[in-house]
Amino acid sequence: MDPIDAAEIARRMRAAVVLESPRHPWILPMIGLLVGAIAVLGFALVRR
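One point on numbering: in this note's numbering, the residue at position 23 of the sequence shown is 45, and numbering is uninterrupted.
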């Protein structure tokens, strides 16, 4: 998976979260951190 694809997926997930829960702003940074960690781990596994 390209890092570009990971970034696009993260962007779409954040957009979906914004649409789903506008009254829980603290979810956004949590989702961002989670998606970022998953993307980095996946990228590291692919590169190995």
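None of these hints come from the bench; they were simulated from the model.
Predicted model, so just to flag it, every value in this text is computed and none were measured.
A virtual CB, placed ideally from N, CA and C, is assigned to each residue, including glycine.
Among the hints, erroneous ones may be present.
DEER-style ranges, computed between Cβ atoms [claimed, not checked]:
1) Ala37 x Ala59: 28 to 34 Å
2) Arg69 x Trp48: 18 to 24 Å
3) Glu30 x Met52: 16 to 22 Å
4) Glu30 x Pro51: 27 to 33 Å
5) Phe65 x Arg36: 24 to 30 Å
6) Arg36 x Leu67: 29 to 35 Å
7) Ala29 x Met52: 14 to 20 Å
8) Ile49 x Arg70: 28 to 34 Å
9) Arg33 x Leu63: 29 to 35 Å
10) Arg70 x Trp48: 30 to 36 Å
11) Arg70 x Ala29: 16 to 22 Å
Right, here's what the structure says about each hint:
1. Between alanine 37 and alanine 59 the beta carbons are some 19 Å apart, a value that contradicts the proposed interval 28 to 34 Å.
2. Separated by about 32 Å at the C-beta atoms, arginine 69 and tryptophan 48 break the suggested range of 18 to 24 Å.
3. The given range of 16 to 22 Å is respected by glutamate 30 and methionine 52, whose C-beta atoms sit roughly 20 Å from each other.
4. Evaluation of the 27 to 33 Å hint for glutamate 30 and proline 51 yields a failure: the beta carbon distance comes to about 19 Å.
5. A hinted range of 24 to 30 Å is violated for the C-beta pair phenylalanine 65 and arginine 36, which are about 18 Å apart.
6. Under the hint 29 to 35 Å, the C-beta atoms of arginine 36 and leucine 67, about 23 Å apart, miss the expected range.
7. Separation of alanine 29 from methionine 52 is about 18 Å and conforms to the stated range, judged on CB atoms against 14 to 20 Å.
8. Checking the proposed 28 to 34 Å range against isoleucine 49 and arginine 70 shows it holds: the Cβ atoms sit about 31 Å from each other.
9. Between arginine 33 and leucine 63, the C-beta spacing of about 18 Å breaks the proposed range 29 to 35 Å.
10. Against the hinted window of 30 to 36 Å, the Cβ-Cβ separation of arginine 70 and tryptophan 48 comes to about 34 Å, which satisfies the hint.
11. Between arginine 70 and alanine 29 the beta carbon distance is about 20 Å. The supplied range of 16 to 22 Å therefore holds.
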